[in-house]
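Engineer: My request is simple: use the sequences and hints to build the entire structure.
Under UniProt numbering, the first residue of the sequence shown is numbered 1, with each subsequent residue one higher.
One or more hints might be untrue.
What the hints assert, rightly or not - Capping the alpha-carbon separation at 30 Å, the derived lysine-lysine pairs in DSS-like fashion look like this:
1) K13 <-> K33
2) K89 <-> K13
3) K66 <-> K40
4) K13 <-> K40
5) K67 <-> K40
6) K67 <-> K13
7) K7 <-> K89
8) K67 <-> K33
To be verified - Derived Cβ-Cβ restraints for the label pairs, each shown as a range:
9) I50 <-> E24: 10 to 20 Å
10) E63 <-> H98: 14 to 24 Å
11) K67 <-> E24: 30 to 40 Å
12) P91 <-> T21: 38 to 48 Å
13) N85 <-> I50: 13 to 23 Å
14) S34 <-> M57: 15 to 25 Å
15) T31 <-> H98: 23 to 33 Å
16) T17 <-> D48: 12 to 22 Å
17) N85 <-> E23: 32 to 42 Å
18) R95 <-> T17: 31 to 41 Å
These aren't lab readings, by the way, just hints derived from the structure by calculation. Every residue, glycine too, gets a C-beta built ideally from N, C-alpha and C.
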Amino acid sequence: MDFSLNKEQRIEKALTTFGVTNEELQDTIQTIKSWFATQKHLPETPSDHIIMNFLFMTNFSIENAKKRLDMYYTIRDLIPELFRNKNPKLPHMQRILHPSAKGNRGRLQSNCDDK
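Structural biologist: Here it is, written out as structure tokens:
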């Protein structure tokens, strides 16, 4: 993924890759939201951004996105401790993600390279 692009440019590039227009994306998101509302075992309707990410992860397969969303929310409901305090903006996550926490990364990487 090209991180030099802003969010809108990355979305546009992904839509072009899948041959989907922005209108088709919005229609698909609404279709999935409507389906989600009929799934009484699922706790909440995901945001448009989450649905879009699941569509991109499944190569824009609506049925696969539905299955993965269902699985994600079901597991999150069954095993909440797996997902608790995982927000990357929380202080303890920032410490983990900080570059200084990855001090030995280069040395470890060189040990793993094929020779």
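Engineer: Hints first: check each against the structure and report whether it holds.
Structural biologist: Consistency of the hints with the structure:
1. K13 <-> K33: 24 Å, holds
2. K89 <-> K13: The hint holds at about 27 Å.
3. K66 <-> K40: 14 Å, holds
4. K13 <-> K40: Violated, because 35 Å separates the two Cα atoms, which is more than 30 Å.
5. K67 <-> K40: 15 Å, holds
6. K67 <-> K13: 25 Å, holds
7. K7 <-> K89: 18 Å, holds
8. K67 <-> K33: 13 Å, holds
9. I50 <-> E24: 10 to 20 Å: 18 Å, holds
10. E63 <-> H98: 14 to 24 Å: Since E63 and H98 have Cβ atoms about 40 Å apart, the given range 14 to 24 Å is violated.
11. K67 <-> E24: 30 to 40 Å: Check failed, 20 Å falls outside 30 to 40 Å.
12. P91 <-> T21: 38 to 48 Å: 41 Å, holds
13. N85 <-> I50: 13 to 23 Å: Hint holds: Cβ distance 19 Å, inside 13 to 23 Å.
14. S34 <-> M57: 15 to 25 Å: 20 Å, holds
15. T31 <-> H98: 23 to 33 Å: 40 Å, violated
16. T17 <-> D48: 12 to 22 Å: Once the Cβ atoms are compared, 19 Å apart, the range 12 to 22 Å for D48 and T17 holds.
17. N85 <-> E23: 32 to 42 Å: 38 Å, holds
18. R95 <-> T17: 31 to 41 Å: 35 Å, holds
Comparing the model with each numbered hint stated earlier shows that hints 4, 10, 11, 15 do not hold.
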